[in-house]
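Turn these sequences into a full structure, and let the hints steer you where they fit.
Spelled out, the chains give:
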Amino acid sequence: MADRVGLFSVGVAVLLLLTVLELVRRRRLLERYAILWLFSAVVLLGFAVWEGLLDRVAAVIGIAYPPTALFLIAGGFALVLLLHFSAAVSRLADQSKVLAQRNALLEERTRRLEAAAAATAQAAEEARGAEAPAPAAEGAEGEPARVTPIRRRTGGR
Amino acid sequence: MTSQSSHLAVVPAYNEAGTVTGVVRALHERRPDFDVLVIDDGSTDATGAVAEAAGARVLRHPFNLGIGGAVQSGFTFALDQGYSYMVQVDGDGQHDPGEIARLIETMEAEPGLDMVCGSRFLTKDSGYPAPISRRTGIHIFAFLLSRIVGQRVSDPTSGFRLYNRRAIALFARDYPHDYPEVEAVLMLHFHRLRMREIPVRMFARGGGVSSISSGKSVYYMVKVLLAIFIGLVRARPVVDPGDAAPVAASQGL
Chain A
1 MADRVGLFSV
11 GVAVLLLLTV
21 LELVRRRRLL
31 ERYAILWLFS
41 AVVLLGFAVW
51 EGLLDRVAAV
61 IGIAYPPTAL
71 FLIAGGFALV
81 LLLHFSAAVS
91 RLADQSKVLA
101 QRNALLEERT
111 RRLEAAAAAT
121 AQAAEEARGA
131 EAPAPAAEGA
141 EGEPARVTPI
151 RRRTGGR
Chain B
1 MTSQSSHLAV
11 VPAYNEAGTV
21 TGVVRALHER
31 RPDFDVLVID
41 DGSTDATGAV
51 AEAAGARVLR
61 HPFNLGIGGA
71 VQSGFTFALD
81 QGYSYMVQVD
91 GDGQHDPGEI
101 ARLIETMEAE
111 PGLDMVCGSR
121 FLTKDSGYPA
131 PISRRTGIHI
141 FAFLLSRIVG
151 QRVSDPTSGF
161 RLYNRRAIAL
171 FARDYPHDYP
181 EVEAVLMLHF
191 HRLRMREIPV
201 RMFARGGGVS
211 SISSGKSVYY
221 MVKVLLAIFI
231 GLVRARPVVD
241 PGDAAPVAAS
251 QGL
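Protein chains in written order, with the working numbering: chain A, 1 to 157; chain B, 1 to 253.
Worth double-checking, as some hints may not be accurate.
To be verified - The calculated EDC-like cross-link candidates involving lysine to aspartate or glutamate, where the alpha carbons are at most 16 Å apart (straight line), are: (1) A:K97 <-> B:D178; (2) B:K223 <-> B:D174; (3) A:K97 <-> B:D174.
To be verified - Facing chain B, from chain A, some residues (calculated, C-beta under 8 Å): (4) E51; (5) G52; (6) R56; (7) A104; (8) L105; (9) E108; (10) T110.
Said to hold, decoys possible - Derived coverage of chain B by chain A (criterion: at least 3 residues anywhere in the stretch with Cβ under 8 Å from a Cβ of chain A; other residues may be distant): (11) 47-59; (12) 63-69; (13) 75-84.
Calculated directly from the structure, the hints in this document are not laboratory data. Where a beta carbon is used, it is the ideal one built from N, C-alpha and C, also for glycine.
Right under this line is the structure:
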C-alpha cells in the first residue's frame with residue numbers, strides 16, 4: 001500500500017477510536033451506542049495497520065487498488081450504523097407515543113380528581129358556614145395546590 | 001367517582017373545533033347511554049376546550065400522534081376504565097350517531113363478533129360523496145383485504161366501528177401507527193377475532209380538512225398497500241408475563 005494513504009488511514013482510524021472513547025469517558029455517548037462505533041473503529045484500524053489483510057480482502061472482492069477496499073468497508077459500517085440509529089429512533093418514537101398517551105390519561109384523571117376535591121371542599125365550607133357564620137375564610141382553600149411547570153433542564157455540557 | 005356507563009364513544013379530533021361540539025351534542029342526544037371521550041390529538045385550536053364545554057371527557061395529547069395514536073388512547077382508556085363496548089366516531093361529523101344502535105344490534109345478535117364496522121359501500125345509494133380517485137383506492141384495498149382475510153370487506157378505511165372488550169384489549173396493546181383502519185382488519189384476522197360490516201349512511205364532512213387531501217391520494221395508496229403487505233408478515237407482539245418487554249432499552253439491530 002502506498003505509504004501516504006496507509007498513514008492517512010491509520011490516522012483517521014486512530015482519531016475515530018480516540019473520539020469515541022473520549023465521548024464515552026465524558027458520558028456523552030451511551031456504551032450501548034458506542035459499541036458499534038468502537039467495533040468499526042477497531043476493524044478499520046486493523047485493516048489500516050495490517051496491509052497484507054487488506055490486500056487479500058481486496059483481491060477476494062475483486063478491487064484492484066486495495067485502499068479503496070478500506071473505504072468500502074468504512075462505508076459499509078456507516079450504513080449499518082445508520083440503520084442502527086433508525087431502529088433506535090423508531091423505538092424512541094414508540095416510547096414517546098406511549099408516554100404521551102399515558103400522560104394524557106393521567107392529566108384527565110388529575111383534572112377530574114381536582115374538580116371532585118374542589119367540590120367536596122366547597123360543600124364542607126358551605127356546611128360550616130351554615131352552622132356558624134365564620135368571620136373569615138381561613139385556609140381551607142378549595143383550589144388545589146398549583147404545580148409549577150417543570151423547566152427544561154439544560155444539557156450538561 | 002361518578003357513576004359510569006359501560007359504553008364509550010371515542011371521538012379522535014385534530015383541529016376540529018368547528019365540528020366537534022356538534023358531534024358531542026349529537027352523541028349525547030342520540031345515545032345518552034354512552035360516555036363521550038374526545039381525544040384532542042395535539043390540536044392547535046380550541047378543540048379540547050370546546051369539547052369539554054360540550055360535556056365530553058377530554059384526553060389531551062401533548063403533541064400530535066396521528067390518528068392511530070389518538071384512537072389507541074381511546075382503547076387504553078376504555079380498557080383501564082372497564083368499558084365493555086367502545087364505538088369510534090370521527091370528529092368531523094361524517095358519522096351519524098343514530099346508526100350506533102344498529103352497530104350494537106348486530107354485535108349482540110351474533111355472539112362471537114368482536115368488531116362491527118359501518119360501511120359506505122354495501123348499499124347502492126349510500127350517497128357518499130367521495131372523489132372517484134379515492135373510491136377507486138378504497139375498492140382496491142377492499143379487494144386485497146377480502147382475498148387475504150377470506151371474507152368480504154367493502155369499506156376497510158371506515159372509522160365508524162364498534163369494538164367489544166376483546167378487540168379493545170387487542171388494540172390497546174397494539175394498534176397500527178399511520179393508516180390504522182386497514183391494517184386493523186388484518187390484525188383482527190391474524191388474532192382470530194371476528195368482524196362484520198353493516199351498511200350505514202355517512203354525511204359529507206362538516207368541516208375541517210380530511211387527513212387525506214386528494215393530491216396526496218397516490219402517496220396514500222402506496223403507503224397503505226405497503227402497510228397491507230408489511231402487515232401480512234409483521235410480528236404481532238403478544239407478550240406473556242415474564243417475556244422481554246416489547247419496547248426495551250437494549251434493543252439494537
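Status of the hints after comparison with the structure:
1. A:K97 <-> B:D178: holds, 13 Å
2. B:K223 <-> B:D174: violated, 19 Å
3. A:K97 <-> B:D174: holds, 12 Å
4. E51: Cβ of A:E51 sits 31 Å from chain B, so the hint is violated.
5. G52: With a minimum Cβ separation of about 31 Å from chain B (threshold 8 Å), the hint on A:G52 is violated.
6. R56: Violated, because the Cβ-Cβ distance from A:R56 to chain B comes to roughly 28 Å (cut-off 8 Å).
7. A104: holds, 4 Å
8. L105: This hint holds: A:L105 lies near chain B, its Cβ roughly 6 Å from the closest one there, short of 8 Å.
9. E108: holds, 5 Å
10. T110: violated, 11 Å
11. 47-59: holds (count 3)
12. 63-69: holds (count 3)
13. 75-84: Answer holds; 3 residues pass the 8 Å Cβ test.
Checked against the numbered hints listed earlier, the structure breaks hints 2, 4, 5, 6 and 10; every other hint is satisfied.
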